[in-house]
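There are 4 protein chains.
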Amino acid sequence: MAIPTLKNLIGGQWLESQASEFLEVKNPAFDETIALVPQSTPEEVNQVVAAAKAGFEKWRHTPAPVRAKAMFRFWEKLDKVQDEIVEIMVREHGKTRSDAKGEMTRAFEYVEYTCGIPELMKGTYSEDVGRRVESFTVREPLGPFVIIPPFNFPAMIALYFCWPLACGNPVIVKPSELCPQTMTRMAEIAQECPFPPGALNIIQGGPEVGHQLITHPDVVGVTFVGSSKVAEIVYQTATGRNKRAQCQGGAKNHLVINADSLLEKNMDNVVNSCYGNASQRCFAGSNLLVHEKVFDRFLSGFLEKALQFRLGYGLDPEATLGPVVSRKSLENLLGFIDRAEKAGARILLDGRHPSVPKYPQGYFLAPTLIEAEPDLEIFREEVFGPVRCIKKIRDLAEAVEIVNRSPFGHTAVIYTENGGQARDFVRYCNTGQIGINVGTPAPIAYYPVGGRKISFFGDLRGRANDAVDFHTDKKVVVCRWMTPFA
Amino acid sequence: MAIPTLKNLIGGQWLESQASEFLEVKNPAFDETIALVPQSTPEEVNQVVAAAKAGFEKWRHTPAPVRAKAMFRFWEKLDKVQDEIVEIMVREHGKTRSDAKGEMTRAFEYVEYTCGIPELMKGTYSEDVGRRVESFTVREPLGPFVIIPPFNFPAMIALYFCWPLACGNPVIVKPSELCPQTMTRMAEIAQECPFPPGALNIIQGGPEVGHQLITHPDVVGVTFVGSSKVAEIVYQTATGRNKRAQCQGGAKNHLVINADSLLEKNMDNVVNSCYGNASQRCFAGSNLLVHEKVFDRFLSGFLEKALQFRLGYGLDPEATLGPVVSRKSLENLLGFIDRAEKAGARILLDGRHPSVPKYPQGYFLAPTLIEAEPDLEIFREEVFGPVRCIKKIRDLAEAVEIVNRSPFGHTAVIYTENGGQARDFVRYCNTGQIGINVGTPAPIAYYPVGGRKISFFGDLRGRANDAVDFHTDKKVVVCRWMTPFA
Amino acid sequence: MAIPTLKNLIGGQWLESQASEFLEVKNPAFDETIALVPQSTPEEVNQVVAAAKAGFEKWRHTPAPVRAKAMFRFWEKLDKVQDEIVEIMVREHGKTRSDAKGEMTRAFEYVEYTCGIPELMKGTYSEDVGRRVESFTVREPLGPFVIIPPFNFPAMIALYFCWPLACGNPVIVKPSELCPQTMTRMAEIAQECPFPPGALNIIQGGPEVGHQLITHPDVVGVTFVGSSKVAEIVYQTATGRNKRAQCQGGAKNHLVINADSLLEKNMDNVVNSCYGNASQRCFAGSNLLVHEKVFDRFLSGFLEKALQFRLGYGLDPEATLGPVVSRKSLENLLGFIDRAEKAGARILLDGRHPSVPKYPQGYFLAPTLIEAEPDLEIFREEVFGPVRCIKKIRDLAEAVEIVNRSPFGHTAVIYTENGGQARDFVRYCNTGQIGINVGTPAPIAYYPVGGRKISFFGDLRGRANDAVDFHTDKKVVVCRWMTPFA
Amino acid sequence: MAIPTLKNLIGGQWLESQASEFLEVKNPAFDETIALVPQSTPEEVNQVVAAAKAGFEKWRHTPAPVRAKAMFRFWEKLDKVQDEIVEIMVREHGKTRSDAKGEMTRAFEYVEYTCGIPELMKGTYSEDVGRRVESFTVREPLGPFVIIPPFNFPAMIALYFCWPLACGNPVIVKPSELCPQTMTRMAEIAQECPFPPGALNIIQGGPEVGHQLITHPDVVGVTFVGSSKVAEIVYQTATGRNKRAQCQGGAKNHLVINADSLLEKNMDNVVNSCYGNASQRCFAGSNLLVHEKVFDRFLSGFLEKALQFRLGYGLDPEATLGPVVSRKSLENLLGFIDRAEKAGARILLDGRHPSVPKYPQGYFLAPTLIEAEPDLEIFREEVFGPVRCIKKIRDLAEAVEIVNRSPFGHTAVIYTENGGQARDFVRYCNTGQIGINVGTPAPIAYYPVGGRKISFFGDLRGRANDAVDFHTDKKVVVCRWMTPFA
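Chains as they are written, first to last, in this note's numbering: chain C, 43 to 528; chain Z, 43 to 528; chain F, 43 to 528; chain A, 43 to 528.
No wet-lab data here; the hints were simulated from the structure.
Keep in mind that a hint or two might mislead.
[As the list claims (entries may be wrong)] Which stretches of chain C does chain Z cover? Using the computed rule of at least three CB atoms under 8 Å from a CB of chain Z, they are:
{"id": "1", "segment": "51 to 57"}
{"id": "2", "segment": "111 to 118"}
[To be verified] Derived PhoX-like pairs (lysine-lysine); straight-line CA-CA distance at most 25 Å:
{"id": "3", "chain 1": "Z", "residue 1": "143", "chain 2": "C", "residue 2": "111"}
{"id": "4", "chain 1": "F", "residue 1": "95", "chain 2": "Z", "residue 2": "495"}
{"id": "5", "chain 1": "Z", "residue 1": "119", "chain 2": "C", "residue 2": "119"}
{"id": "6", "chain 1": "F", "residue 1": "111", "chain 2": "A", "residue 2": "122"}
{"id": "7", "chain 1": "C", "residue 1": "119", "chain 2": "Z", "residue 2": "143"}
{"id": "8", "chain 1": "Z", "residue 1": "122", "chain 2": "C", "residue 2": "122"}
{"id": "9", "chain 1": "F", "residue 1": "307", "chain 2": "F", "residue 2": "434"}
{"id": "10", "chain 1": "F", "residue 1": "119", "chain 2": "A", "residue 2": "495"}
{"id": "11", "chain 1": "C", "residue 1": "111", "chain 2": "Z", "residue 2": "122"}
{"id": "12", "chain 1": "Z", "residue 1": "95", "chain 2": "F", "residue 2": "495"}
{"id": "13", "chain 1": "A", "residue 1": "100", "chain 2": "C", "residue 2": "495"}
{"id": "14", "chain 1": "A", "residue 1": "495", "chain 2": "C", "residue 2": "95"}
{"id": "15", "chain 1": "A", "residue 1": "100", "chain 2": "F", "residue 2": "119"}
{"id": "16", "chain 1": "C", "residue 1": "122", "chain 2": "Z", "residue 2": "495"}
{"id": "17", "chain 1": "A", "residue 1": "119", "chain 2": "F", "residue 2": "143"}
{"id": "18", "chain 1": "C", "residue 1": "143", "chain 2": "Z", "residue 2": "495"}
{"id": "19", "chain 1": "Z", "residue 1": "433", "chain 2": "C", "residue 2": "111"}
No experiment lies behind these values; they were computed from the predicted model shown.
Even glycine gets a Cβ: it sits at the ideal position worked out from N, Cα and C.
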């Protein structure tokens with residue numbers, strides 16, 4: 043079968059790129075090229091922005107209940123192709139079918155949330171703010187918004203586009219060049235709903251395309267999700283052009299195992315948080331902070347579970363853990379482990395170079411656990427793959443101190459049954475999300491998501507009502523009619 | 043074809059009633075019996091309440107996002123049978139296909155609104171209402187609610203059940219005995235979504251069944267829509283048993299034609315408000331209050347349009363106006379006209395005993411217009427059929443005075459281009475809804491609906507967020523954990 | 043000093059009543075008459091309603107920010123006379139100065155909340171609910187509302203009047219005939235703010251006056267707080283006249299002492315919940331449900347604390363527990379104890395006929411504790427004074443079962459440090475409020491208050507945003523202007 | 043009298059600056075120096091940030107209702123010194139006493155709005171987002187925020203500090219160096235409330251101090267109000283350090299006089315919008331776009347009113363128009379007029395070098411009106427003083443086109459009685475605020491304020507609920523307790 047080249051969706055048309063450079067999309071379980079992504083040309087980027095700008099006129103004057111109906115139709119059509127999307131995702135990302143299905147479940151809630159757009163777009167109305175003077179707000183869409191999702195949730199985070207779109211803005215998605223097919227297929231589905239030409243656009247390419255988008259004068263704002271380093275650049279670049287920006291960066295999430303926690307009941311949750319989706323998620327548990335009273339018992343339980351993962355191709359029903367997304371990523375991870383080892387950290391579980399006979403070319407790394415201190419690189423830096431740290435702690439105060447010393451501020455988790463300690467953990471951890479006995483406390487679509495410190499740049503968070511605020515402006519009208527009643 | 047007898051939906055089962063009495067559902071265009079409605083027995087009413095109560099347990103503990111998914115599924119399945127529902131409705135109600143389709147469009151928005159239930163059920167959370175004391179509200183469903191819809195919108199108003207259901211309550215619908223098949227068919231669709239047994243229930247019958255429901259000790263509350271007389275009885279009966287009640291009554295809506303209004307541009311809207319759906323809707327314009335400066339011009343334009351209606355069977359593509367719902371209603375309407383005539387009112391357009399050759403048995407009344415003064419019965423009382431009044435007015439003050447003298451307080455409409463006069467009309471009319479150049483200002487599902495004076499009994503309005511409040515309680519938790527952080 | 047006779051505040055004037063009957067206000071620590079309350083005549087009731095109705099016109103058209111300024115002024119002026127109000131309250135009610143001060147602190151939050159009325163009265167606005175059709179809601183006040191507060195919080199609950207008033211309604215307060223001076227004095231303060239004549243009115247009297255108010259055709263709605271028996275009558279009487287009603291009834295609150303609870307840290311809180319304000323509050327703990335594992339330890343700690351109360355006159359700095367409000371109440375309480383004793387309940391602490399040498403005429407009852415089973419009258423019925431029950435329980439399931447078997451549904455409290463058990467207690471107790479380690483979980487003014495079952499009749503709760511909804515209607519405007527832009 | 047030198051408020055202490063450079067505060071009616079502003083040293087800026095950071099700990103853990111009480115106290119105390127503040131303002135800014143009083147009225151609403159902080163800080167709570175999983179948001183303050191207000195409303199805009207402060211953040215205000223005494227005096231008042239040390243801080247100085255503040259690593263965010271040029275720099279500088287920023291820039295507001303508008307009734311409003319506060323406000327009307335049908339009549343009425351202004355010192359009861367704020371500003375304005383004249387614009391009213399005998403040294407410029415085309419500098423650029431343009435238009439479409447061609451997007455105003463044209467004006471003008479027969483449509487404090495294009499940089503607007511969002515983060519908690527009920 044010929045390797046397909048992905049197209050751009052510009053103004054309602056699927057157009058072949060005139061690119062001269064192409065990036066390879068690989069199936070990470072086989073190291074096989076399965077698609078080519080054009081590095082779209084500057085002209086094409088201009089074209090897609092122009093198409094979005096042109097599409098604004100019609101879409102912006104489409105009543106919110108009619109926009110909602112298009113979202114409902116998208117929900118219905120996407121539902122019918124769920125299995126197909128899941129398989130596309132597994133092929134280009136490597137995650138297991140079960141992880142991909144779980145992603146789709148959450149992803150649907152994004153569509154579902156934005157189906158409620160007529161309610162969410164309501165402004166407020168006050169009679170008589172002064173005598174015979176009324177005031178009200180009209181929530182208005184603003185123009186072309188850009189979404190730059192990461193590779194790790196090719197369906198879910200790409201669906202962030204539902205927010206600007208439902209709000210009445212045209213939107214341009216630049217899919218991750220590592221896993222672009224999932225979004226591309228979803229855009230085909232969306233075209234059938236239909237959304238008017240120019241409302242939803244896709245432009246393929248790598249960072250250069252992203253940069254051109256966020257510096258383009260006709261782009262109003264950008265939502266980025268990715269590493270802290272790039273998030274910061276995107277935030278500064280976009281706001282440096284006076285645009286709106288909300289940029290989700292990386293994470294280093296601490297899971298605190300309190301002395302009173304129900305170890306056995308929670309162990310699956312802990313292990314899944316650490317290694318699920320091959321640890322490629324910003325809500326993954328990274329550093330385990332375990333109370334000294336239960337450290338040994340916890341560790342033996344954890345290792346037992348961690349050893350049960352079966353590596354393999356995500357569509358293989360036997361596989362419970364897939365490869366990481368790319369060879370580069372695998373090498374990066376091995377480098378982290380090697381440096382930790384050299385720095386004196388104790389490798390409690392070594393997942394390097396696992397034997398995966400059925401998929402010998404795959405980018406596999408088995409679960410790895412390292413006992414490390416907070417000053418080590420492996421403990422401080424984001425490690426996007428199944429390499430986790432563990433550290434013994436004396437009490438909750440020490441745990442919170444470690445959480446707050448991290449440059450990241452995404453998420454912290456406590457395992458405890460004690461209401462008071464959980465309460466104070468919520469209060470004193472300077473992170474954007476907190477889990478209580480929930481290892482990956484990703485808010486549902488109805489709650490906004492965002493970190494602190496280098497995990498998030500911006501003020502309005504992603505998703506939920508914050509994303510409605512981000513993608514609209516509240517025009518204020520002050521009105522006094524002069525002709526009285528009689 | 044045998045005449046079908048409608049069944050009850052009790053605890054997830056469609057059960058034949060043991061009734062000894064049956065009511066006839068007629069096709070009003072043919073005076074033909076098309077279905078039989080059992081007057082369900084007291085035992086069956088007890089049974090349906092018991093089933094609802096039993097169903098509460100499971101449904102109440104179903105997470106809101108999961109309940110939302112069932113609502114989405116209902117949306118999808120109902121969408122597929124729209125045409126079928128439309129035809130059922132036309133057959134039992136008599137409205138034209140076009141009116142029925144219009145009703146379905148609005149009806150869908152009810153389902154769409156309640157698909158947003160996870161957002162709508164959010165309570166609030168405050169840390170530190172006092173030092174180390176948190177407070178929050180949990181919105182909880184309450185138990186079996188009853189919906190008693192009227193005949194005139196057999197799909198739309200029956201779908202009020204979406205609110206209690208989406209909120210997590212079991213719901214019992216007693217369809218109108220005149221037009222019960224529409225709701226009954228929609229309940230079949232709902233069963234496939236599926237909702238758990240006992241979540242949605244149907245009990246067939248007339249007022250006796252309604253009375254037993256609203257006096258049953260296990261019923262929490264009732265939403266009624268119908269005449270003011272019955273609405274008042276239902277309100278007093280239900281609240282007399284300490285239940286929640288919101289009861290929508292009748293209407294007598296005034297359309298005010300201001301001297302500056304754009305007569306030609308608005309005439310279709312006015313005429314449709316007066317006679318659309320054979321005037322059987324609570325938002326229909328009833329009394330035309332026309333400024334003396336434009337009275338003659340308005341009247342001739344109105345009569346011209348009103349004469350263009352073609353009476354007939356709603357599924358007949360030529361028909362633009364159907365029969366009224368029942369022979370009894372027709373006779374009632376003729377009585378109104380006769381009494382007005384005797385009282386000296388001037389009949390400007392006489393629709394009595396029209397010739398409708400293809401449907402000689404139908405309950406037809408052609409558009410009728412009567413010039414009448416505010417003290418006449420025909421001007422004061424609700425007339426549920428195509429008999430409308432007109433009156434010349436001197437100015438807006440007189441119009442508002444007439445609006446506010448009515449015992450009803452449902453809706454008032456002004457036709458004008460003048461912002462100030464419209465503003466004051468909004469301010470000074472004591473009605474629950476106001477239209478500005480909109481003859482039937484029925485709020486969309488995202489806005490709450492309710493009248494004043496004898497048009498509404500209760501505090502929380504129907505639909506939108508008010509209906510969420512009506513069908514839930516805001517449990518308040520005050521929480522102080524004693525174990526500190528460290 | 044002559045005993046003063048209280049006046050009515052009608053349309054901005056303090057008027058002497060023409061009553062022929064007068065009720066005595068007693069200082070319960072001395073059994074002395076300190077004021078006379080006229081049983082206002084039917085003519086005076088008509089007069090006050092007429093004054094309120096007349097006052098509506100001006101107040102309703104006062105912009106919300108201007109109404110807010112009057113509320114701010116009231117805050118300022120009330121603040122200056124806090125000590126005076128506290129002393130009035132102690133004299134007529136009997137509570138200690140410390141309890142009265144605590145009440146004032148909470149009471150101020152009612153005024154503070156309603157100072158935010160411009161924000162709270164906002165309606166919503168949507169452009170393009172259909173093409174070129176806008177929709178918005180205008181929150182409108184409705185007319186005269188009645189407040190009938192109980193005796194037990196003469197300042198705080200009387201200040202419920204802030205809600206209808208701030209919303210733009212005229213309000214009529216009928217103070218408790220047992221403790222009317224507090225509200226009367228506060229109304230004097232309010233007059234200075236000033237509120238326009240007829241905005242705030244006071245009519246003195248007993249139940250007959252209340253009955254006439256809630257049946258008067260010009261009264262729109264009523265907020266009542268008192269016993270379940272009267273609350274039910276008021277609810278049925280008012281709604282039987284098609285009015286709005288929210289009626290807070292009595293309570294029988296269970297405090298559950300879980301096996302893991304921090305007994306010592308919580309004991310003050312438990313004992314204060316049981317006996318503070320001489321147990322005359324609807325949030326008071328009534329029945330102690332104590333886990334068998336800690337029963338003995340809890341009981342001895344509880345008795346030790348309970349014995350430390352020093353009975354006396356509330357303004358006497360030595361007193362930590364005042365008398366009950368009236369001789370009738372005292373006799374009623376003694377009857378409860380006697381019947382419990384006869385029914386075989388074990389009196390663990392007997393507070394009957396305590397020696398209070400300095401105040402021999404006072405209506406004193408010392409803290410009383412009775413071990414009783416759920417079927418006993420003393421365990422089931424509301425007992426409004428310092429007589430509490432205790433019962434040993436096996437587990438939380440038994441406790442919740444007891445809570446839910448009660449005909450009351452006001453409040454349930456759990457003492458525990460366990461997050462999961464607290465969560466399920468919140469979920470499974472069918473009460474309107476829940477405390478976690480908070481014995482009297484009265485929501486602050488920013489949270490709505492209301493019980494279930496016979497503890498509350500209505501749908502919208504008291505205070506907070508619910509009370510704004512209760513005292514306003516959301517008029518919906520649907521607007522389509524016909525003249526386009528150009 | 044010695045000229046006072048302003049102090050800094052750092053950590054609760056009023057400290058004399060160690061500055062070596064001082065800026066002069068002038069009374070613009072007399073060209074007299076009335077105070078000296080230290081250009082605070084870099085050490086002092088570090089010190090104030092450190093004090094704010096230190097103050098965060100205590101203030102952040104102060105319950106919101108307690109913070110609200112401090113705001114109420116501030117309201118009360120500020121109310122008592124209103125007249126004093128007004129006079130300080132007139133002396134340093136030049137506006138008339140009447141303008142200053144008007145400013146105070148609006149300014150109080152800022153304090154009033156933020157008194158409602160316990161309501162505004164509420165997060166949301168959802169039970170069962172999944173089975174047995176709860177989710178809620180905690181709104182948290184974030185740390186030191188900076189407010190940099192402009193000179194033109196020395197009280198009102200400085201009071202933006204109420205938002206971060208009420209939210210629980212420490213705040214640092216750098217008053218305008220032209221009019222710093224107003225804010226400085228208000229801070230003295232605030233100290234008495236009291237706010238804890240470090241909660242509210244003042245640092246005096248010019249742009250250098252501002253720059254150091256917004257680049258300081260411990261500052262979380264900045265609210266700036268001033269010219270577009272500086273607003274853009276502040277936005278890019280702050281976001282370039284990953285901070286939050288909302289920066290209000292300049293304006294060039296168009297007032298459109300529609301052919302149907304009630305000229306006489308509106309003329310005072312138009313003229314006041316143009317010249318009130320000596321045109322030094324971002325909501326001032328700048329360019330008059332007058333329909334050709336009414337141009338001549340409008341112009342003669344306008345000129346008649348404009349000539350009635352009496353220039354003078356703001357505390358002089360005869361004065362109705364004060365000087366501009368500085369000599370530099372006056373020269374700048376004269377330059378604008380001269381260049382316009384040279385470019386061929388027609389000066390219809392020439393206010394240059396007016397005779398103001400009592401105040402010969404004042405920076406006076408009388409109302410000036412210039413007929414100009416959109417491409418002229420005087421028509422395009424912000425002119426912060428009483429120099430306005432007028433232009434004849436053919437229709438509303440032309441007016442809207444001119445509005446939208448401007449680089450500014452702050453406000454547009456239409457004078458009309460036509461509901462439809464007003465509606466479309468609202469819809470099609472790309473500005474942040476719209477007035478309908480309101481020349482200076484400044485939203486009240488309860489509505490958010492913000493422009494578009496170069497008039498605003500950021501996403502969340504100033505004031506109202508947007509400012510609460512800006513000054514807080516919505517921490518999301520996902521919670522699953524493991525211990526069940528029984």
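Which hint numbers does the structure go against, in order from smallest to largest? Those not satisfied are hints 1, 10, 15, 16, 18 and 19.
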